[in-house]
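Undergrad: Please model the entire structure based on the sequences and the hints provided.
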Amino acid sequence: MSVPLEHDYIGLSDASRSSESSNISSDQNEPNNVFNLKATELSLGLPGFSKNVGATTKNFMLGAKRGFADVSGKWVLKGGSEAQLGVNGGFEKSQTLTPDVKPVEDKKKGSGNENGSAQPSAKAQVVGWPPIRSFRKNTMAANSSKNADVTEGSLAAGGCLFVKVSMDGAPYLRKIDLKTNHNYAELSKALEKMFSCFTLGNGVKGREGLSESNLKDLLHGSECVLTYEDKDGDWMLVGDVPWEMFIDSCKRLRIMKGSEAIGLAPRSTEKCKNKI
Amino acid sequence: MDPNPKRPKTVDRVDSVEVVNSSESTQLLCSIDPNRKRAKTVDRVDSAESTQFPDEVLERVLSLIDSHKDRSSVSLVCKDWYNAERWSRRHVFIGNCYSVSPEIVAARFPRIRSVTIKGKPRFSDFNLVPEDWGADIYPWLSVFALAYPFLEELRLKRMAVSDESLEFLATKFCNFKALSLLSCDGFSTDGLKAIATHCKNLTELDIQENGIDDLGGHWLSCFPETLTSLEVLNFASLNSEVSFDALEKLVSRCKSLKVLKVNRNISLDQLQKLLSHCPQLMELGTGAFTQELISGPVTEFKNMFSNCRNLITLSGLWDATPLYLPVIYPACARLTFLNLSYATLRSDELANLLSHCKSLRRLWLLDTVGDKGLEAVGSCCPFLEELRVFPAHPFDQQIFLGVTESGFVSVSRGCPRLRYVLYFCRQMTNAAVAAIAKNCPDFTHFRLCIMNPGQPDYLTKEPMDEAFGSIVKTCTKLQRLAISGLLTDRTFEYIGKYSKNLETLSVAFAGSSDLGMEYVLQGCPKLRKLEIRDCPFGNAALLSGLTKYESMRSLWMSACNVSMNACRALAKEKPRLNVEVIRDEDGADDSQAHKVYVYRTVAGPRRDAPPFVLTL
Chain P
1 MSVPLEHDYI
11 GLSDASRSSE
21 SSNISSDQNE
31 PNNVFNLKAT
41 ELSLGLPGFS
51 KNVGATTKNF
61 MLGAKRGFAD
71 VSGKWVLKGG
81 SEAQLGVNGG
91 FEKSQTLTPD
101 VKPVEDKKKG
111 SGNENGSAQP
121 SAKAQVVGWP
131 PIRSFRKNTM
141 AANSSKNADV
151 TEGSLAAGGC
161 LFVKVSMDGA
171 PYLRKIDLKT
181 NHNYAELSKA
191 LEKMFSCFTL
201 GNGVKGREGL
211 SESNLKDLLH
221 GSECVLTYED
231 KDGDWMLVGD
241 VPWEMFIDSC
251 KRLRIMKGSE
261 AIGLAPRSTE
271 KCKNKI
Chain C
1001 MDPNPKRPKT
1011 VDRVDSVEVV
1021 NSSESTQLLC
1031 SIDPNRKRAK
1041 TVDRVDSAES
1051 TQFPDEVLER
1061 VLSLIDSHKD
1071 RSSVSLVCKD
1081 WYNAERWSRR
1091 HVFIGNCYSV
1101 SPEIVAARFP
1111 RIRSVTIKGK
1121 PRFSDFNLVP
1131 EDWGADIYPW
1141 LSVFALAYPF
1151 LEELRLKRMA
1161 VSDESLEFLA
1171 TKFCNFKALS
1181 LLSCDGFSTD
1191 GLKAIATHCK
1201 NLTELDIQEN
1211 GIDDLGGHWL
1221 SCFPETLTSL
1231 EVLNFASLNS
1241 EVSFDALEKL
1251 VSRCKSLKVL
1261 KVNRNISLDQ
1271 LQKLLSHCPQ
1281 LMELGTGAFT
1291 QELISGPVTE
1301 FKNMFSNCRN
1311 LITLSGLWDA
1321 TPLYLPVIYP
1331 ACARLTFLNL
1341 SYATLRSDEL
1351 ANLLSHCKSL
1361 RRLWLLDTVG
1371 DKGLEAVGSC
1381 CPFLEELRVF
1391 PAHPFDQQIF
1401 LGVTESGFVS
1411 VSRGCPRLRY
1421 VLYFCRQMTN
1431 AAVAAIAKNC
1441 PDFTHFRLCI
1451 MNPGQPDYLT
1461 KEPMDEAFGS
1471 IVKTCTKLQR
1481 LAISGLLTDR
1491 TFEYIGKYSK
1501 NLETLSVAFA
1511 GSSDLGMEYV
1521 LQGCPKLRKL
1531 EIRDCPFGNA
1541 ALLSGLTKYE
1551 SMRSLWMSAC
1561 NVSMNACRAL
1571 AKEKPRLNVE
1581 VIRDEDGADD
1591 SQAHKVYVYR
1601 TVAGPRRDAP
1611 PFVLTL
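Chains P and C, in that order, give the protein sequences.
Residue 73 in this note's numbering sits at position 73 of the first sequence; the count goes up by one each step and never skips.
For this note's numbering, add 1000 to where a residue sits in the second sequence, where the first one is 1.
Hints listed in this document are in silico derivations from the structure and should not be mistaken for laboratory results.
Owing to the predicted nature of the structure, the values given are computational and were not obtained by experimental measurement.
We treat Cβ as the ideally placed atom computed from N, Cα and C, and that holds for glycine.
Be aware that a few hints might be false.
From the derived model, a few chain P residues whose C-beta atoms are all more than 12 Å from chain C [to be verified]: (1) 129; (2) 166; (3) 169; (4) 176; (5) 177; (6) 179; (7) 182; (8) 189; (9) 193; (10) 229; (11) 248; (12) 257.
Facing chain P, a subset of chain C residues (Cβ under 8 Å, in silico) [claimed, not checked]: (13) 1209; (14) 1237; (15) 1451; (16) 1508.
Cβ-to-Cβ under 7 Å is the rule here; a few derived chain C residues that face chain P [to be verified]: (17) 1125; (18) 1298; (19) 1337; (20) 1449.
TA: So, in structure tokens, the structure goes:
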């Protein structure tokens, strides 16, 4: 049985994830079935949305933050003010709500979510479960990225993590050390530097003229999509999961451009701004 | 100020002496010392009536009693004993900081030198309690500054400790010696600076797994060169680098150092230097156990370890590799506690190591050792009493490694003396747990965490009820139980019926109806702490414990099915309980109580509750 734990998720996979969760919880007690039906209702909303739009973003940020926070070890429960954690970046996408969570709130089983109204997401990300103290959680997260170094066969000493980066249309690939970057912003910058010679001049004046958001616009705007291949061989969108988790599972990077990229990029540039 | 406030002579002292002479009391005094013959005490009563048990003698006798449970019993005997006990008590243990107020403590116990306080509910360790919930140590310190200016020891668990509090502690208590902070939060390394700087007689600084704001390692350099009294130094969970020079000097001049646990930044070379200064160590926590090249020969390092003849506890061993692990082999035979829970060892590496550790009583591991590693545990450590297996990748469902039921069974076969187990796994069966219970009937603490909530027996697909049933039926000494997996009310029926000694029960994602919780509340005569999350227990369940909660320390229920009205009803019926509801962030549904914390108290409702905590 698959573990109903995800640090983070995007709207696209919502439906599949919800049905996964409902399968899991149908093994559990009855009260779950009620909210699982709700959870499996398809919508463009993201798990964790509640009735109140205002609460939605908060809940969602809670949900998003949880994954990130698990790795970063910092748990902040105040919803609104912590926007800078920014993992919510991808969520501006859609404000459609999954119908509700209200009746679900009465059946708390299996939610594990301290924010009662975010029940459907709870299957995916259970707060405080398994019960492990923050110090150990953080240490393990750091360890697992270290182990990734070794398993990837890259240089173990000094902690490098070189992965291949390909860009559509470029004549050759590059390699980038994920370890020298500490967050997505730095990665974007590094990639931009690497591939600047290949980028078209659209709106790109020159290095000096580029601000951070422009860099990201370039890479994450409608022109380009940054993807990575994870341990399972799946191509994933960069930016969804906490940084530590990303470098743990990333095996190579690919900057998609041109026709393939159209329609795939997250519409909102805020996502990039908010990414840590 | 007088460090030993004299006990005022009681007016009715002569009378009270006679009261003490009554045969009842003398018999009770006998019961404390089973060796005293009855006949003798009768003689004593008959003779010298005027000198029977003057207060000082009684106090002297009672001062030998350490256990706070025994002391509680003693204080209930009669008024005189109550007084003698309160004057002779040096250490007070407060299991729930809100169950009593600092003023009440200070009024009752005038001569306290050592305090232990626990604050937040345990689930706060797993982020279920919002920040700023409370449990601030400061109000306690300000009362203690007046009542116990000669306070020597402070041990805190899950308390909110600010830098200001630490500074207050360091400056207002001239004789302060020992500070232990476990799972606390709210302070930074600046607070540690204050402690290091001002506590001239410091013997213990034990900082473990706190939510600390690590601003750098300069605090360690704040220990004055005149400080030589340190016996315990534990900064393993701090991330910043300290000055090795300052540390080396500190270790060299503190000849009584018994416990040294350094952080990851201390290299093997540095560790070797440290050990050369303190071969008398009893407990060592190493830094990173990996290095490109250590500067001297490995044999020299090995000798260092064999020189540590008193070493019985070893921890740290971060990133330990087979290359350097052998240096500890010379010390292994004497080890009774080995904490490998930060060393990602494989089964063969562990097996090699354990073959040297015949005396182990306590072992903490990461599940990277796998079932094979646990087989090695079973075959190498026959005296093992405690085993904790932590998950290396608790949140990663892609990984199918870790340990399973078979590893646990292997250990139970080889280690019949197991008393304490904490086991994280991804699969378990009823049959395996039944076998484990049969092999190890002496369990006092059984904490099994099947990491997927609500997962059944993976072979039979049945609930895990029979597993825990077999534990509670066979292990009659069980004091603490944490359950997991797919569980129906039947589990609770078993628990309520069979666990006569159970004191702490942790429940998550379990149960089918109110009955579950009711079984537990109606059974389990010694239950003190009950913590429940994500279970379908509702108002009937909550209220079924009406008569029980006052005999317990606390109850926690979150993400269950309890309404505010039921909580209010409970609060109304039981004024000596504090019934607190932690409000949900978005306040979506005000009629449901998402997080309920109920505890007995003599201090009345909290006066420092933040806005999201409603006291009913």
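Undergrad: Each hint should be assessed against the structure and marked as holding or not.
TA: Now the hints, each set against the structure:
1. A beta-carbon of chain C is positioned within 12 Å of the beta-carbon of residue 129/P; the least distance is around 6 Å.
2. The claim that residue 166/P lies off the interface holds: its Cβ sits roughly 24 Å from the closest Cβ of chain C, which is beyond the 12 Å cut-off.
3. No Cβ of chain C comes within 12 Å of the Cβ of residue 169/P; the nearest lies about 32 Å off, and the non-interface call holds.
4. Interface exclusion of residue 176/P from chain C stands, the closest Cβ pair being 24 Å apart, more than 12 Å.
5. No Cβ of chain C approaches the Cβ of residue 177/P within 12 Å, the least distance being about 19 Å, so the stated non-interface status holds.
6. The beta carbon of residue 179/P sits about 16 Å from the closest Cβ of chain C, which is more than 12 Å, so the claim that it is off the interface holds.
7. Taking the minimum C-beta to C-beta distance to chain C, about 15 Å, the non-interface status of residue 182/P holds against the 12 Å cut.
8. With a closest Cβ-Cβ approach of about 26 Å to chain C, residue 189/P is found to remain outside the 12 Å limit, as its non-interface label requires.
9. With a cut of 12 Å on Cβ distances, residue 193/P stays outside the contact zone with chain C, its closest approach being about 30 Å.
10. Under the 12 Å C-beta cut-off, the non-interface status given to residue 229/P relative to chain C holds; the minimum distance is some 14 Å.
11. With a closest Cβ-Cβ approach of about 8 Å to chain C, residue 248/P is found to fall inside the 12 Å limit, against its non-interface label.
12. Here residue 257/P stays apart from chain C, with its beta-carbon at least about 30 Å from theirs, past the 12 Å limit.
13. Taking 8 Å as the C-beta contact cut-off toward chain P, the hint placing residue 1209/C at the interface holds, the least distance being around 4 Å.
14. Among the interface hints, the one on residue 1237/C holds; its C-beta lies about 5 Å from the nearest C-beta in chain P, closer than the 8 Å criterion.
15. Taking 8 Å as the C-beta contact cut-off toward chain P, the hint placing residue 1451/C at the interface holds, the least distance being around 5 Å.
16. Interface restraint check for residue 1508/C: the shortest CB-CB distance to chain P comes to about 7 Å, inside 8 Å, so the restraint holds.
17. At a threshold of 7 Å, the smallest CB-CB gap from residue 1125/C to chain P is about 5 Å, leaving the interface hint in force.
18. Among the interface hints, the one on residue 1298/C is violated; its C-beta lies about 19 Å from the nearest C-beta in chain P, farther than the 7 Å criterion.
19. Interface hint status for residue 1337/C: violated, as the beta-carbon distance to the closest one in chain P is roughly 18 Å, over 7 Å.
20. Here the hint on residue 1449/C is kept, as its CB sits about 6 Å from the closest CB of chain P, short of 7 Å.
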